[in-house]
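S.K.: Please work from the sequences and hints to get the whole structure.
Its first residue numbered 9, the first sequence is counted upward by one per residue in my numbering.
Derived from the structure by calculation, the hints contain no laboratory data.
A hint or two may mislead.
Stated by the list, open to error - Straight-line C-alpha distance at most 27 Å; calculated DSSO-like pairs for lysine-lysine:
hint : residue 1 : residue 2
1    : K117      : K154
2    : K408      : K154
3    : K233      : K183
4    : K153      : K183
5    : K359      : K297
6    : K153      : K15
7    : K585      : K154
8    : K235      : K202
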Amino acid sequence: MKRYNPKEIEPKWQKTWEEQGIYRASEDLSKPKRYVLEYFPYPSGAAMHVGHVRNYTIGDIVARYARMQGQNVLHPMGWDAFGLPAENFAIKNNISPRLAIDQNTKRFKEQLMQMGFSYDWSREIDSTDPKYYRWTQWFFLLLFKKGLAYQQESLQWWCPVDKTVLANEQVEAGKCWRCGSDVEKKALKQWFFKITDYADRLLGDLDDLNWSDAIKTMQRNWIGKSKGAEVDFKLADKADVIRVFTTRPDTLFGATFMVLAPEHPLVGQITTTGQKQAVEDYIKESQAKSDIERQETDREKTGIFTGAHAINPVNNEKIPVWIADYVLSGYGTGAIMAVPAHDERDWEFAKKYKLPIIRVVQNDAPDEACTHDEGLMINSGAYDDLSSQEAREEIVSDLKKNGAADEHVNYKIRDWLISRQRYWGAPIPIIHCPKDGVVAVPEDQLPVVLPEIESYEPSGDGRSPLARVPEFINTTCPKCGGPAERETDTMDGFACSSWYFLRFADPQNEKEPFSRENAQFWLPVDDYIGGAEHAVMHLLYARFWTKVLYDEGLVSFEEPFKTLRNQGMILAPDGQKMSKSKGNTIEPDSLLSQGYGADSIRLMELFIGPWNQSAAWSIEGMGGTFRFLQRVWTLVQEHLSVQVSDQTTVELPRALAKATKAASQDMHELGFNTAIAALMELVNELYKLKLTTDIGSKQWKVALTTLVQLLAPFAPHITEELWQQLGNAGSVHVSDWPSWDEKLLITDTMVIVVQINGKVRANIEVPAGCSEGDITKAAQAHEKISEYLRGQAVKKVVYVPNKLINFVI
RNA sequence: GCCGGAGUGGCGGAAUUGGUAUACGCGCACGACUCAAAAUCGUGUUCCUUCGGGAUUGAGGGUUCAAGUCCCUUCUCCGGCACCA
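M.R.: Next up, the structure:
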């Protein structure tokens, strides 16, 4: 009898599938389309570990199940290969990024292939291929033409180790998202995409997405919409006006002082001579603090009086103007009206500097700041006794009359900084002409090819290594034909990934990024499977670009990803995050070389727990999934080794129907772990049945063939092999998902639970369809139950049809 | 601090609308096969127990004939954001 040997069968089938192209997608209108996508990976030098594999496994199960359900499945794969990790890897290993990516991609692809994932490799894309980034540049120009890409000098996050600026989204707790070093602020002229123009739509459209609440909430918080008003405070002795943003205009009568951020442009003008030195010292001191220090919320607030006073527009009170670094220059107007009675930060500041506190909303806690009070107004002149809600509206509308206030909405989200001072990215297709200024590279001159250069090291002077390449920089102006210079910054890697899902619909198109028809056919993505790490980066950027495309009439949908599925993280067996530095990673390569096979790894990835919950990898558990597959293999071999018979039984089809139903329902609800458990139960049942039935029977063949089909999405290799051994034609992976006969599940008897006061005391077996009266009698007649009921008055009998009877005594 | 998720055996986890808590797997124990071991097959396995039972889904209350599931209070862990006025 042949032994189960994954090393033998897995490569064989992988080769056959690729040769026969059974996973290729075509624009076939006869079947419903299904676009299943996993985020296209970064082919870094590190080997994939079982955590990454889980992501692709989930996608593959969804894709395979959909295919067996008769859907037309697009399940593509490609490489997000621009960006820092790839470049740093290349520098570290002293090879060119191009070469590093080619090597890594080859290796990564092998790793994916040996897991038996059903990708349509004919659609493979690589974001660093000029044929691809040509269109990334095309999108840049589209945004530029629409006024959504602009250049601006401002203070930006700068990573001193990676020597490039970073987007806000790429700074995590004050550290560079890639290398983990502390970031700094640096004033540089940079390119931005105007995502803030889309803030409201990006927020509103979240409601209709089938995404987890966790990710939706993260995006909502990141966009950070606040409704309120902008209010102008005139200075007491100067013509200048300080504009503030507030969400609580109802508390204007409680504004007892104002605070400007140290970087506020008015600071120099309004500071009085007497306070000049003190203010300058404070600003210097504040600048000396690292940006990380400034962001610590629990640090004691500091500030300094400017000597200037402003006039509160609601009551003409003169209030002092301070500066303090707890006010952020980048949010709102960079200035606030301070209402210590109703804001904790202002309260703390007022207490420290002995500034007046005036309560304007009634509440019961006089010794602290009451921030979210809604109540009756007090100390607010004509507005007294109004609700804060009413006061909010009336004060703004009254101030509006003399132009001192207006409704205003603020967002926390900032424009997306996309220029990078690094080599390995798509060049920004812009030419700087001394005469014509900033000029777009004409479309027919795309791509602006990234030149091959000798040294990729970032220079750290605020310009990319491309600035050292005269052949690249020097060009002619497309407008005037005179000498001009190319932009030397490259684009953030997230630009490439903001549209790649569209390219898969039409990957070889040389005339346009994608054809409308193909995009219309495949998009939006039906199932997008990935980790939560993309929540406020890729997933936000891709939504933004899709909306721009929609506005441009290039696509007919506003959201790229209908359903988002976040897989849970796989932790190391010690319960910690897997990382190379901790040395606790588990890689499929090593599991394969231990003889487990891709099938049992895949099974383990899902059987370990719900796909969207994290779980620690279990080395012993691998033995269990391997044993399970081996037991399936053995059953088929035993069946094949005996004569075919016509014996029929009731039990076999019934067990099969039960398992098919359970597995199908679980698959439908993505209950992969329980679907596998149902198949394990079936196999356990078959092991019992082979003792009492003839394993050579035709019924057994049906049962084993069905089992193989049910198992096929999880364990594609062994099932393909057994499918063939059982004498079936074609591939199990394009066979129809099995159905079951509900009639087989009807039994002659049923088991009724008998409870006394809600506690289970007995089980009784009664004929199917037995009436409530007969069940009550049968229960009362039960030896144990009659014991309990003896001498007791039954107050109530609760009967749940065909399930349970409860005597309340 | 705010937001999101989760707490069930020795371990990973299971449990339609509230209706037999602990499916399935791991681990462990015992048995069969074997000269022996591995592999394989089988049996058992929540805890306590005076063997009648009793207790049990992070903790404490509540609703109900009946609560892992619903309500209130509370604790712990994980993830995200963090002086956003």
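S.K.: If a hint holds in the structure, say so; if it does not, say that too.
M.R.: Evaluation of the provided hints:
| no. | hint | verdict |
| --- | --- | --- |
| 1 | K117 / K154 | violated, 38 Å |
| 2 | K408 / K154 | violated, 33 Å |
| 3 | K233 / K183 | holds, 25 Å |
| 4 | K153 / K183 | violated, 34 Å |
| 5 | K359 / K297 | holds, 23 Å |
| 6 | K153 / K15 | violated, 55 Å |
| 7 | K585 / K154 | violated, 43 Å |
| 8 | K235 / K202 | holds, 20 Å |
The structure fails to meet hints 1, 2, 4, 6, 7 from the earlier list, while all remaining hints are met.
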